[in-house]
Structure formats: C-alpha cells, structure tokens
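Chemist: With these hints in hand, go ahead and build the complete structure from the sequences.
Chain by chain, the residues:
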Amino acid sequence: MRLSAENIAVERGGRAVLTGLSFSARAGAALIVTGPNGAGKSTLLRAIAGFLPLAAGAFALEGGASESSIGEQAHYLGHADALKGALTAGENLAFFAGALGGDPSDGVWRGALQRLGLAHVADFPVRALSAGQKRRVALARLLVAPRPLWLLDEPTTALDAAAQGLFAAIMRERLEAGGLIVAATHAPLGLEGAETLRLGAPLGAAA
Amino acid sequence: MSGAARALFLREWRIARRIGGGASVGAVFFLILVTIMPFALGPDLNLLARLGPAILWIAALLATLLGLDRLFQGDADDGSLDVLVNASLPLELVVVVKCAAHWAASALPLVIVSPLFGLMLAMEARPLALVALSLVAGTPALTMIGAIGAALTVSLRRGGLLMAVLVLPLAIPVLIFGVSAASAASGGAAPFATPFLMLCAISLAAIALAPFAAAAALRHVRE
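Residue numbers (this note's numbering), protein chains in the order written: chain X, 1 to 207; chain A, 1 to 223.
No lab work stands behind these hints: they were computed from the structure.
Take these hints with a grain of salt, some might be off.
Stated by the list, open to error - Computed from the model, here is a short list of chain X residues facing chain A with C-beta under 7 Å:
no., residue
1, 23
2, 86
3, 99
Claimed, not checked - In silico negatives: residues of chain A with every beta carbon more than 12 Å from chain X:
no., residue
4, 3
5, 4
6, 9
7, 31
8, 32
9, 37
10, 46
11, 51
12, 81
13, 85
14, 89
15, 109
16, 111
17, 173
18, 205
Just so you know, even glycine gets a beta-carbon here, dropped at the ideal spot from N, CA and C.
Modeler: Given below as structure tokens:
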C-alpha cells in the first residue's frame, strides 16, 4: 500500500497554505511531517483526510479499497480528542468501534484500553479524566477499528514519557503489520527509519 | 453500516439522557410556555380551550427548535464531527440517525406530555388526542428542518438565535397544517384528515430531503 500526493495545493481563507507539494509514503514506514508553526502540517493532514478541498493536485492510496475515499480508510487524530465528556471511556470507544467499522464488543475496547494502561478508568466518565488520560483514550481509538492509514496530528501532546514510549511501540507494531502512518509533530516520536517531509516557512514570512 | 448507525444512535441517546444532555429540559421548557399562556390571555376557559391546540403547537415548535442548535455544534467543538465525516456511514445517514435519536429523546417526550399540559388549557378529550396525534406526525418535520439550520450555523459560536431566524419561516407550513389538524375536533376550519395527511407528507418529504441539505451544509461550512 502506498499513499502518493501529486502537486498538491490547498488554500485556506484565500491564502495559499500548500503549493506544489508532492510526496509518497509506503506501507511499513512512517512519514513524519515537520516544519515551523503555520507551515501547513495540520492543513496537509486534514487535506489527506478529505476535510479540505484541494485547489490543485490529487492524493491516491494505491492498494486501498477503491470504492471508499481515503478518509474512510484512515484514522484522523487531530488536536481535539473527539471524546464526549458525559460518556465513559468504554462507551466512547464502543461508539468509535461501531462508527468506524470495527468490532464494538466489550472485549475489543477493553483490550485497547488495557494496552494503553487505562483499564482501571474504563467505566469513569471521560470528563473526570486528566488531559493525558483523555489523550490515551483518544489513541485507543486507533486500536478498536482496523484502518490501514493513520493520520496523526501531534499525537503525543499531553502524554508522559512512559505513555510516549508505549505509543511508539504501538506505532512500530502497526508499521510492521503493514500499516501506513503520516504524523505531524515537533517532538521525536521514537520511530527508526521514518522518512521526513519538511514543509517550508509560512508564506509571507521573511525569507 | 447498520452497526455504525446503531452505535451512533446509542451514543446520541445516552448523551441526551445524561445530566446536561438537554432532553428533559425541553419538556420543562414546553411546560413553562404552556403555563404562562393563561397568565397572558386571562382565565377565560372557553378562550383557552379554543386556543389550546395553537398554544400547544407553538410551544412544541419552540421547544423542539431551541433544543436543536447544539445538534452538530457539540461534535464540531470536540472534534468528533471529523470522526463522523469519515465514519463507515454516509454523512447523510449520520444526519438521519442523529435526528432520529434527537427526536426520540426530545420530541417524543413532548408528544407524550402534551395531553397532560392540554388539560391546563381546559381542552376536551378528543382535541387532546388530536393534538398529540398531529404532534407525532409533525415533529419529525420540525427536527429535520431544524437540522438544516443547525448544520448551517455549526461554525458560529452563538448560532442559536440565527438558527431560529433561519428555521422558523420554514416551519410555518408545519405549524399551519398542525394547528389546523389539531383544531378540527373543536370546530376548526377543515376536517381532520386533509391537514393531517398534508402534515404527514411534509414530514416524509423533510425526512427524505433535509439530510442531503444538512450534510451538504456540514461539508461546506467546515472547509
């Protein structure tokens, strides 16, 4: 499986954020997107997920299911955790599993929470959890529904060192199983052999 | 696909029934609207009985629409709209399922309590039954039309009032046929069946068409 981008251009609010961007990412290797604030990292991930219209160019997922869009084959994990505070961690994950085409049975989401070291908070409402715990519940979403492409925007925000190590191990496992990861980050994710895509300074900044 | 629809319905239902979900507040708001009417109109029982169907319908309209402004905004705020857009369910069906859950949690209680509240307006048994029946047929249309407004105002911080301004004019046909069906028993202008069937037709058309409008608005507004 291979994700390729051909001459991508994206505008937001009349301003060209990305222009003439081409790259490719193959299964089994992570693509790390770096660059200063405002360089368009989040924009790129949201464009791949299909949330933003492309001014030019196209993305292609070779080896994917041709009848679904790239977004429907991807987990998009943005800055927001997408969790409902009134529901328990388990109810949130059961919803993600059902809505994203996974298995919503108890065993699956309990296993995912256990993997992220959160088995003890499964039945607490999410609003009672700390920021780092919420982030870990959000990351558990990646494990409850199998989707080949992971689009991660600053995935390790609010995580402590142990949880960052844990998540690096989960990502490595995923890559070995043939997954495809595109991650935007400032902090090192602990992935060896990852390719890096460096986006330039924002347009309008002093050269 | 049906698994995704079930998961979404269950989630919406749970959120609505939890504290702060707003489902029960709608019924209390309905009660308050009905209660203040006799204070404004005076204690003339004949007048209240004659205006009863209209009062109940206006109260149901406002209670339904005011609860709808957060239909998509909560999901937009916490990022779960991104999950819904790429769910294994087309966005149009996501809208239908969310509206169905909202209707079951918010509008159905209004229908159930409307005969009780109608008693406070000195209405007879038959008009009470017809009001409840016309509300069952008409509130789905209100929910679906309101969903379009909720989708259009999803990116606005204080979109509630704008949503009401957008949606209330569209709800006028529902109100006309609803009240006219409900007042048929107490000597209204038309027999019951004609406005009631029009009401059913409006609801069915809204269920069929509004999801496309709301989904298009959600896709466009978020860009």
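Chemist: All hints, please: hold or fail.
Modeler: Here is what the structure says about each hint:
1. 23: violated, 21 Å
2. 86: holds, 4 Å
3. 99: holds, 4 Å
4. 3: violated, 5 Å
5. 4: Check fails; 5 Å does not lie beyond 12 Å.
6. 9: violated, 10 Å
7. 31: holds, 24 Å
8. 32: Per Cβ check, residue 32(A) is outside 12 Å of chain X; nearest 24 Å; holds.
9. 37: Answer for residue 37(A): holds, closest chain X Cβ roughly 33 Å.
10. 46: Holds, because the least Cβ-Cβ distance between residue 46(A) and chain X comes to about 46 Å, which exceeds 12 Å.
11. 51: holds, 39 Å
12. 81: Answer for residue 81(A): violated, closest chain X Cβ roughly 8 Å.
13. 85: Non-interface label on residue 85(A) violated, nearest chain X Cβ at 7 Å vs cutoff 12 Å.
14. 89: Violated, since 7 Å does not exceed 12 Å.
15. 109: holds, 19 Å
16. 111: holds, 25 Å
17. 173: holds, 34 Å
18. 205: It holds; residue 205(A) is separated from chain X by about 28 Å at its closest Cβ, greater than 12 Å.
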